[in-house]
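K.L.:
Note that the protein sequences, when read in sequence, are chains A and B.
Going letter by letter, the first sequence gives residues 1 to 518 in the numbering used here.
Going letter by letter, the second sequence gives residues 1 to 1139 in the numbering used here.
Watch out, some of these pointers could steer you wrong.
Taking lysine-lysine and the DSS-like style, the derived pairs with C-alpha atoms no more than 30 Å apart in a straight line are [to be verified]: (1) Lys938(B) <-> Lys514(A); (2) Lys134(A) <-> Lys699(B); (3) Lys699(B) <-> Lys23(A); (4) Lys699(B) <-> Lys130(A); (5) Lys595(B) <-> Lys23(A); (6) Lys938(B) <-> Lys23(A).
Footprint (simulated), chain B over chain A, 3 or more residues, beta carbon under 8 Å [stated by the list, open to error]: (7) 24 to 30; (8) 506 to 516.
Hints are computed from structural coordinates only; laboratory data are not their basis.
Beta carbons: idealized from backbone N, C-alpha and C, even for Gly.
Residues per chain, in single letters:
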Amino acid sequence: MKDKLLILLILVFSFSCSDLELKPLDRITEEAVFSSAEEFDAAIFASYSSFQKLYQNRQVDPNQNFAAWLKLTLFPSDAVVWGSFEDQPGMVRGAQELDTHSFDASIQPLQAAYSYIYEGIARANIVLSKLDEKGATVLTNEEITRMRAEAKFLRAFLHFQAMKVWGTPPLVTERITDPNNAAKGNSTKEELSAQILSDFADASEGLPEVWDDANTGRATKWAAQAFIGKVNVWIEDWNSAIAAFERVEASQMYSLGTDGDSYDPIFAEDNENNNATIFEIQFGSSTGGNIWVLEDEGVSGVAAEGNSRGYYQGLPRDVPPGRNLTDPNGTVASIQSIGLYEVAPEFVSLFEAGDIRRNNFIYEDGDVYDNLDGVQFIYEANHPEYDYSGTGYHIEKYNDITALTIDGPDSRGRFIFNNERFFRYAEMVLLYAEALIESGREDDGLQQVNRIRARAGLPAATADATAAMRLEKRIELAFEGQRTFDMMRWGIGGIFKVFPFPQAEISKSGGLLKQNTP
Amino acid sequence: MNFKPTKKYFSIGILYMQTLMRTFVFLFCCTVFAISPNLSHSQDADITIERDRTMSMNQMFNLINKQTQYKFIYRYDWLKDAPKIEVKKGVVKVKVLLDNYLSPLNFTYAFTDNKTVVVQRKTVFKESILQPIEVEIQQRNLTGTVVDDDGMPLAGATILEKGTSNGTTTDFDGKFSLQIDALNTILVASYIGFSSKEIVIGDQDNLYIRLESETSSLGEVVLVGYGYQRRSDVTGSISKLSLKEKTPDAFASVDQLIAAKVSGIQVISESGEPSAGTSIRIRGTGTISTNEPLWVVDGFPIIGNPSSTIGNNDIQSIEILKSTSATAIYGARASNGVILVTTKRGTKGAPVLTYDGYYGFQYNPDNFDVLGVEEYTSLQNDLGNDVSQFAKSTFVDWQDAIVNNGAPVQNHYLGVNGGTENINYNVSFDFFESESITLASDFERYNFRTNTDFYVTDKIKVGESFQYTWAEGNRRTWNNGELGIRTAAATNAPYVPVFGNGSFGYGQVNNQTSGIGASATANIVASSDPRIANVEELLRRSLGNLYAEIELFDGFKYRISGGLDYLTRSFDSFSLGLEGELGFRVGGDQTTVSKRQLENITTYINHLLSYENNFGKNRLSVLAGYEFTKFKSALISAVGTDIPFVDIKLFSTGEQVIASDIEDEYELDGYFGRINYSYDDKYLAAATFRNDRSSRFSKGNRSQSFPSFSLGWVLSKEKFFNSKMVDFLKIRGGWGQSGNQFSANNFAFLPTLDLNGGYNVGTGNQFASQALASLQLANIDLTWETTSQFDIGIDTTWSDGKFNFTLEYFDRLTDDLLLPIDLAGTAGFTQPSIINAGEVRNKGFEFVAKYNRSIKDFDFNIGINLTTVNNKVEKLDQFDTPIIRGFSSDFTDAYITEVGGSIGDFYGWVTDGIFQNQSEVDSHAAQPGAAPGDIRFKDLNSDGVIDNNDRESLGSPIPNFYYGFDFTANYKNFDFALLFQGVGGHQLLNGARYDLERMILPSNQSSRVINRWTQSNPSNIIPRAVTGDPNDNDRISDRWIEDASFLRLRNLQIGYSLSEYHLNTWTNNFLSSARVYIGAQNLLTFTNYSGLNPEATVGNSFGNNLDIGGQNDQSLTTGNDDGRTPIPVSVLMGIQIKI
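Generate coordinates for the entire structure from the input sequences, incorporating the hints supplied.
P.N.:
Dropping the structure here:
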């Protein structure tokens, strides 16, 4: 009996030997990747894509991000006013408050900006730590140098965006792995700018001047240099700024385009990454898969990445019958943009006579809004039946007819696929002008300003260099997201100095992160 | 029997040391208690009967002798012809066994000091012999059948001519034949476990005798997880719903049978759709990952809630384990309680064919009261939409158009049950079909089941359970099927025609028909037309389970069982491209076909060693086991758009096809043990232990032990306890721990990268280059969520079992919550990461009272049960950061979970009437956009500005109490049942009313808005109608939160059973029982809640949850009523027949 029992017990408990060591079936373990240049590149792209997401509508993620960067950078400025669109409260959350400067720290665009900027930084830090850990065994030295430079570019670029928004946001230079230690406190302006400049300097060393066709749009040596100049403008180190800008000038990589020519080609979707821009945020193509499928929600690696700019700055949905040419019933406008951004009349009044930019940057009464399928649609400031706009003006920049064409029937104007011209050469010229003027070389500065004026078909300015530079920058870079930061930096237009940190981040940090004083 | 470890064990070698260690507890117990028993001479000793069997008297005496050492002394010739006795599995007292057997034979017995029982003839009988009646005794022949409550034949029941020893027992078919004295008119039928019955014979020659099992008897056996226990010995908190207590129900899902019937458990249906999911909470909401209990069907732990795949009539009993002292043996998955479902198994006897079926109709209880045409046009005018050209149109009732009143529901069950000495079987087929009271939704289900037990030898038993389920449901749309369909219908412009000259004869919805563009409205009836849009859900489940049990020696058994659960659910949807001509979102631009198929495979294996014995007054049972479970799931989905031929509904024909798949798996194993000990049935103790491992945690955190202890004291057995009223009184209490390892991610501890999307570099088309990013922080320290529960209770029975009541207190603390938290942004993850943090406490009382009484032919039972739950979050993450969540773009941040509140409280502003004039606006705190007629919100933080900081908790969807009241009665052949269900102390977010009163869109509104604020109508309730709502009157505020307490007459039933006489005379005993009944469900609901269904919730057990593994129950954002199909009023007629 005892033997029988023993055998039985052995039999029973010998089944208990599974080690329960499973691996995910639908995801890659970190252990298994970072074994080739392609995989490192893919991790670098992940960092780029974080900032790209700030132009998208991402209803599924916890941040409910609705083109947060556009809202944050356009509404508080004096060029754009809120178009009172109410239909979908989620889409417009925070817009009105930003427009009237009456927002608090809990508005959604602030949280989204914070989340995605630091997501991108974390992704760059992962690349850097993996390069240290595994780079030497799987990559060539050139690859390691280039990748480290690119990751540092991204880390610096993103920290700089945070600096523009919050002044002294946290500095994160290490990968965070402990969930109980996720929050970081405020940095100082000095340590933040020092880190950013050092990262950009490293980036400039290791990045190529140009990329091959398959990689166009990635950060270049000259983008890093131009940013060094821009960061120095922000910290008012004028000489360092001038030096950096002059290095970029010397490369002769960029141009303002031909005097008198339309500005439309610079912003055309089929002319992305042209030599009028130093750094662009890349978006996809309407022909690349299902445009509704975005990164992190999608199913395939070829998902197109759309930019919601068209959705927000296009006309509101209630447009007249006939607008939608594909629908014989004339029921719904196919272009479902929501007209959130309208142009402030005071901004329109800034244009001098003969400025070719007026026609290229804004829609006003009588303009051809689009000509879908060969039928022209005319923008009417005071349509007897339909209320296009409270101000009579809409943004035309980026809204180039080809960009709005309904490529796929799904698009309905919600996404465009045009790159954001994030750092244009024209901006650099004006930053250069500012640095020159601030360091006492007013005439040299004015000379740079006049390059921009000439491009716009205007005569040279001769006096008050600072005012001329600021006016030119306000017009030239209108609706590109620079004006709000300039106003904050220059302390003009009755605007706040810094944005508040997202309220949730203050509480999640357990007191480590201190709120900005307005 | 003493198998103390000897040298031999250790000589086996180190290889088996682990084995030995694991069985140590088991061995230890055996050696300690296997000493010579301390004998007792009490007639209260218990006899355990292992299975249903027929015994001769000799066998019975032997059995008693074996278990108690009693010897029997009797005159052989008296009892040599005594009938055999049929006994059912269970535990019975010696006294009861002897009384039942000997008494009808007119024998009596006496216990002596030297462990002997003397069997004697009753003196009464002797007297009758002394006075013989000198008449010619006429004999007559009687035949008959004896059946149980369910009409199952009882083999071996004793039939006696009253007052004589003349008797017989029934055969396998429950039949008997007996010669009796023609003058005698009364028979006595008896059977162990059933109340004896006296039958007046009358003129009948063929009798049909139904015996009733003894209800609420303390000898009742309760399933306690891996084994049985006597009700009176149970020290944990376990509720049981037996077959008898179940009433036919128009629900597809068996969990609805429990609703309101037992304490401590709340069953909430998501809506009145036949395939609607349910949500179950046992003793509150303990966590935010999943609160659904573990279901164990015939011993097989199932993933998710299987109740929509089990036929109602297949249920034998449902046991609900509530206290952790009862659930801890299920360890890692038991923290939300355990529900044990036992399906019918065969009973010995000739085959009995059962038909049980009903047919019924369901009715729509209520509609929203909406604006008429003129009121609507006037409202739209206020909102700046000119639709005056429709002001004279006829009113179109869109709600009536979407309702399917009189929707049929039916259920038919056919089963065969029987057995021989060696094989017991139960084979059944069940069919359920129901249409929804909302157009175009339905559900049908076919269930096939076989349960078989083979008694291979006296010592070896083998058996199986197998079920196959095929169910199909049609729903309106893809996900969250019927989401707010009633609201959608109610908000349609009231003059847009349902039918017209659009596709398929439907009315078009556009500027011409509605005057306001089609964006806010749709032809909802057209969208319910399967030719235009349809979602078909198909569910197939094969659930098989095999076991073998061997009795190695007396009381010591080994059982091995294993099973496979293969569940596939597919969702095929179709939407015809109609370019939106029938309105917004009806038939998009392109014809789309999509398919999703989810496959869940669960395999498990279980080894069980058990030992049970009595040593005098000591009763001991010990159990040890090992269990391994593997779960694997896969989801394949594909969408084809722009389908060229709509008749060919294949996604692959689409112009554009997108396919995706997901796979996932996890494993669990654990070993466990339990000791139950009782002394003299007075002092009870139980201890369980389980150690589980889960693949969801890193190696170092993988295993966890879950102990429990419980004690009971039966005061009524004590000598000092002297009460005529109180039959039984037990105090019990316990403490234990159980775990939860379900988190949103099976590999949250492992750093992983996702490969989707990317960045669009390169010239040309700019396809995205793939990006590799980790989306969640890998938390290497992740471990179990642990629930510790303390409870104490009293069980008592009064007045010969007429009055029973139970009172319990529980305190359940869940800590190390598997909390998906939004880490500080600097960590770099926008998706929540899972950490162990936080504590939630649920405490409360359960009270159950039952009263039963027989007054002549009138028997009745009254039962009430009441549960209170206090849910409180005691801790969150390291900074106690409140978790604020929402569920759609209209309701972002509508919920808060914060320390001091409960899980998922509503969150928003507090209203304070309406600004009547500008000076009121000016004197109030700055409220952007406010004007006279707008809602005044309270400045909670008194900072002079109304902003996000002026929000607070507005109530909780978790009820403070719930209760049930049931009444059943029998009068002669009539029976009557009534069941009330009540829930109280909870709030709902009335999303339907939000859509019907917010006055923003060009949609129809509730008639309440007629009373909106205007200059001439200074309402203080409904604000003004104004374009764009500049004051944000519709923000989440207490305006939308309502108390949703309700009391519902859930069930009402009247039945009539054919009497034995009629069965005999009308059917010549072809039918062994027949009952007809008529019933109504949800006939009345008492509530102040203004929506259609005060029970609305977000559930996940059936269709709408496609989470792989189905383990996410949205407890942070529940309790929102978006206006789904309400619970219908059903009227049923049914027949139950046995042949």
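K.L.:
Hints first: check each against the structure and report whether it holds.
P.N.:
Verification of the supplied hints:
Of the supplied pair hints, the one linking Lys938(B) and Lys514(A) holds, its CA atoms being roughly 28 Å apart against a limit of 30 Å. The hinted pair formed by Lys134(A) and Lys699(B) meets the criterion: a straight-line CA distance of about 24 Å does not exceed 30 Å. Note on Lys699(B) and Lys23(A): the hinted pairing holds, with a Cα-Cα distance of about 12 Å set against a maximum of 30 Å. A C-alpha spacing of about 24 Å is found between Lys699(B) and Lys130(A), which places the hinted pair at or below 30 Å, so the restraint holds.
With a C-alpha separation of about 27 Å, the suggested pairing of Lys595(B) with Lys23(A) holds against the 30 Å cut-off. Among the hinted pairs, Lys938(B) with Lys23(A) is inconsistent with the structure: their alpha-carbon atoms are about 53 Å apart, more than 30 Å. Given as covered by chain B, the stretch 24 to 30 of chain A passes the check, having 7 residues with a CB less than 8 Å from a CB of that chain where 3 are the minimum. Residues of the stretch 506 to 516 of chain A lying with their CB closer than 8 Å to a CB of chain B number 6, which satisfies the three-residue condition for coverage.
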